[in-house]
Amino acid sequence: MAEKPATANAVIRILRLLLQFAVDEGYISQNPASKPRLIAVPPRQQIWTNDDLADFVASAERAGRRSMALAVLMGIHLGQRQGDILRLDWSQYDGTVVTLRQSKTGALLKIPVVRELAAALEATPRLSTTILVAESTERPYRADHFHHEFRRIANDAGLASLQFLDLRRSAVVRLAEAGCTTAEIAAITGHRLERTMQILETYLPRTLPMAEAAIRKLELHIDRTELDKTQEQMLKSWTTICKCLILVPKRGFEPRTY
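The opening position of the sequence shown corresponds to residue 90 in this note's numbering, with each subsequent residue numbered one higher.
Note that these hints are calculated values from the structure, not bench results.
Misleading hints may appear alongside valid ones.
Below, a list of computed lysine to aspartate or glutamate pairs in the EDC-like style, where the Cα atoms sit at most 16 Å apart [what the hints assert, rightly or not]:
1) K199 - D173
2) K199 - D178
3) K199 - E224
4) K199 - D312
5) K306 - E273
6) K193 - D173
Model, not experiment: these values are computed from the prediction.
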């Protein structure tokens, strides 16, 4: 339990609720679990790579679960929480844009769909009003069923350390690595603008591609600065030449006589 602080915290929360119920019903006089502090859990930093995505999609297709492959593509390209992904309705997709209202924040988002996801959606049969339908039941996924299928396919793909919730973080990282601004990222993920920077401290691990992009920008800035200096020197030289030409008499310089 000590090696899994998140699990320990969940146990404490449940115990606290149960004992508080006992207090409310008069079975005990006080809740002994009301004081224990939860264990500080460091934020997850796991990121889905392109290879991870390809491996999961291949594993899902081998297992006959193309709906799970589609779910992961929706997660990485839309940057939304699992619950909002599972609830997405076909009526919320017009062929180019997904429109949704986040269940947690109430934020209304209009997210343009990238070509890869558009192609996957186009190839998906509309078996229900809900986009994601379980092959085994031909009904929309329940959260527990989805989690079970995801875990099985991820493990088979050798991705035991990754979770579906990591896709949201990974979407943020991909957008940042693509050069998107904080406001542009927030327009996709639905975070409030004033909190986006703070939240990105969790969702945006510093990666090598980001550092490489920063160096490219620095080198471009240096090149532009050097070019500006060269152009300034050339302008000064031409200005001097022009001034000299203006001072020359129309007939030119007379030869010196002795």
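Hint by hint, here is what the structure shows:
1. Between K199 and D173 the alpha-carbon distance is near 13 Å, which keeps this suggested pair within the 16 Å criterion.
2. Between K199 and D178 the alpha-carbon distance is near 14 Å, which keeps this suggested pair within the 16 Å criterion.
3. The hinted pair formed by K199 and E224 fails the criterion: a straight-line CA distance of about 28 Å is larger than 16 Å.
4. Restraint check for K199 and D312: not satisfied, since their Cα atoms lie roughly 39 Å apart, outside the 16 Å limit.
5. Pair hint K306 plus E273 does not hold up; C-alpha atoms about 19 Å apart against a cutoff of 16 Å.
6. Only pairs whose Cα atoms come within 16 Å are accepted, and K193 paired with D173 is accepted, the gap being roughly 9 Å.
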